[in-house]
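Top line first, the protein sequences correspond to chains Z and C.
Here the first sequence is numbered in this note's numbering, starting from 1 and rising by one per residue.
Here the second sequence is numbered in this note's numbering, starting from 1 and rising by one per residue.
Quick caveat, the hints were computed from the structure, so don't treat them as lab data.
From the three backbone atoms N, C-alpha and C, an ideal C-beta is built for every residue, glycine too.
A hint or two may mislead.
To be verified - Cut-off 30 Å, straight-line C-alpha distance, at most; resulting in silico cross-link-like pairs (DSBU-like, lysine-lysine): (1) Z:K98 <-> C:K234; (2) C:K318 <-> C:K77; (3) Z:K2 <-> C:K77; (4) Z:K3 <-> C:K234; (5) C:K318 <-> Z:K3; (6) C:K234 <-> Z:K96; (7) C:K278 <-> Z:K19; (8) C:K331 <-> Z:K96; (9) C:K55 <-> Z:K78; (10) C:K174 <-> Z:K98; (11) Z:K129 <-> C:K77; (12) C:K318 <-> C:K55; (13) C:K55 <-> Z:K98; (14) Z:K19 <-> C:K303; (15) C:K318 <-> Z:K78; (16) C:K195 <-> Z:K2; (17) Z:K3 <-> C:K122; (18) Z:K66 <-> C:K77; (19) C:K303 <-> Z:K78; (20) Z:K129 <-> Z:K96; (21) C:K77 <-> Z:K3; (22) C:K331 <-> C:K318; (23) C:K338 <-> Z:K17; (24) Z:K2 <-> C:K55; (25) C:K77 <-> C:K303; (26) Z:K17 <-> C:K122; (27) Z:K3 <-> C:K331; (28) C:K331 <-> Z:K2; (29) Z:K19 <-> Z:K78.
As the list claims (entries may be wrong) - A few chain C residues facing chain Z, derived, Cβ under 7 Å: (30) R202; (31) I244; (32) M246; (33) F259; (34) D321; (35) R324.
Claimed, not checked - Label pairs and their in silico Cβ distance ranges: (36) Z:K129 <-> C:P210: 30 to 40 Å; (37) Z:Q62 <-> C:P9: 45 to 55 Å; (38) Z:D110 <-> C:D313: 17 to 27 Å.
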Amino acid sequence: MKKDEVPQDDANMLEGKFKVVKYALNENGEFEKVPSVGWEPENVALSQAWDVIHERVEAARQQVLKGDLSPLAYHMEKNMMDAALLAQHMDLPARKVKRHLEPAGFAELDQALLDRYADVLLVTVDELKQVPR
Amino acid sequence: MSQPVRVIPFDHQQSAHCETGVISNLMRFHGLPVSEPMAFGIGSGLFFSHMPFLKMNGIPVTSYRILPGWIFSRFTKRLGISIRRVTFRDPREAMDELDRVLAQGLPVGMLTSVFYLPYLPKAFRFHFNGHNIVVFGKEGDEYLVSDPVMDGPTRIHRSALIRARFAKGMPNIKGRMYYPTRVPTDADLRTAALKGLRRTARDMSTTPLPMFGSKGIGYLAGKLRHYERRLGEKDARLALGNLIRMQEEIGTGGAGFRFIFAAFLMEAAKLLNAPPLKEMALEMSRIGDQWRDLAYQAGRLCKGRAEAHITYDHLADKLADIGRQETAFFKQLHQFAKQL
C-alpha cells in the first residue's frame with residue numbers, strides 16, 4: 001500500500017479522538033506510519049458487529065417489559081455479557097445468576113447483591129431495577 | 001495528605017499494534033531503540049491460523065499473528081532482556097505494586113480490557129482482555145497512560161484502571177503487569193532479527209495441521225466458499241465481517257500485519273546487509289494489497305452492495321490465490337534465510 005492509498009473514510013468510529021496508524025510506502029520507497037481515520041470495509045464490519053449487540057439489548061428489553069426476564073438481563077446484555085461472564089465478575093455460580101435473570105429470582109435479591117450487580121454493570125441500584133421505556 | 005506526584009519522562013510514540021508498540025516504547029526508554037516493525041520481526045509475530053473448533057461469540061477464530069504475549073516473550077528471549085511479570089489476586093495489592101514500581105522511576109506495562117478503558121472510542125470497546133498499555137506516572141487519583149494505538153499520552157482514573165486490569169473472562173488477566181529489569185543496550189539486533197525472520201518463515205511454511213501457516217489461508221478459503229450455504233445469508237455476512245475486523249481493525253497496521261512485516265523486511269535488508277530482503281518486502285506489500293482488496297470486496301458483500309460477480313465463491317477464489325502466493329513467498333524466504 002502506498003502512502004496516498006491509505007484510506008480516510010470517516011464514519012466517526014474514532015469519535016475524532018485520534019487517528020490510527022497504518023504502514024504504507026512513501027515517496028522514497030520506504031515504509032512509514034500513516035494516520036488514518038478509518039476505512040469503509042472496517043466501518044461496515046464494525047457497525048455490523050454493533051447491530052448484533054443492539055439487537056440483543058433490544059430483545060432483552062422487550063422481554064423485561066413483557067415480564068419474562070428481570071431488568072438484570074437487560075443490563076447484562078448492555079454490558080455485552082452472558083450469564084457465565086457476569087457470574088465470574090460477581091464471584092457467584094452461573095446458576096445463581098441465571099436465577100436472578102428471572103423476575104422472581106431478582107425480587108429476592110438483598111441490598112448487598114443489588115449493590116454488587118450495580119457496581120459490576122456500571123449503573124446505580126435504581127437504574128438496575130428498571131429498563132428504559 | 002496529598003499523594004506525591006510522580007511522572008516519569010516517557011517518550012510515547014504511536015504504533016499500529018499494542019503489543020509491539022509497548023515493546024518499542026519500553027525499549028526506547030531503557031536505551032535500546034527498536035522500531036515497531038523491528039519488534040514485530042524479532043518477536044516473529046506474523047502467522048496465520050483459522051480455527052473452526054475455537055469460537056468467539058459463535059464465530060470461528062481467524063488470526064493473522066501468533067498468540068497474545070508471544071511476541072513479547074520471543075523478543076525478550078532473543079535479546080537477553082530480563083522481565084519481571086506479576087499477577088495478583090487482590091486489586092489493591094496490584095495498585096500498590098504499580099505505585100511502588102513507578103516510585104522507582106520505572107514505567108510499567110500491563111494487560112487491560114478495552115471494554116473498561118474510558119478514553120478509547122466507544123465503537124472499539126468490546127470485551128477484549130489482551131490490550132497492552134504502559135503506565136508512566138501518577139497525579140492524584142489519575143494515572144498517566146501511554147496507550148500505543150493513540151497519538152498521545154492520556155490519563156485514567158484509578159478506579160477505572162482497576163476495572164480494566166481485573167476484567168474477567170477470556171483470558172482472566174488478574175492485574176498482570178510487567179517491566180524490564182535488565183536491558184542490555186549492546187544487544188545483538190542482527191542475530192535477533194535473523195532468528196526472528198527464520199522463525200516466521202518456518203512457522204508459516206512448516207507448521208503441521210491444515211489450519212496453520214500459509215496453507216491455513218487455503219483452508220479458510222475452502223470454508224468460506226460454503227459459508228452462505230452452510231450458515232445462511234445473515235450469519236455468513238457476520239462471519240465475513242468478523243474476518244474483515246480481525247484483518248483490519250485497530251492493531252494490525254493494515255492487511256493482517258502484512259504491511260508491518262514488510263516494513264520489518266525492509267529494515268532487516270539494511271541491518272543484515274541483504275538487498276534481496278528489500279525485494280521481498282515489496283512483494284509482501286503487494287500481497288498485502290491483495291488482502292486489502294479482498295477486505296474491500298468482502299465489505300461490499302457484507303453491506304449487500306456487492307456487484308453481481310462478487311460472491312462467496314469469488315472471494316474464496318481470491319483468498320485461495322493469496323494463500324498460494326504466501327505459500328510460495330514463505331518457502332522462498334525460508335530458503336533465503338537459511339543462507340544468511
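* Asked: Tell me, which hint numbers fail for this structure?
  -> 2, 3, 4, 6, 8, 11, 15, 18, 21, 23, 24, 25, 30, 32, 34, 35, 36 and 38
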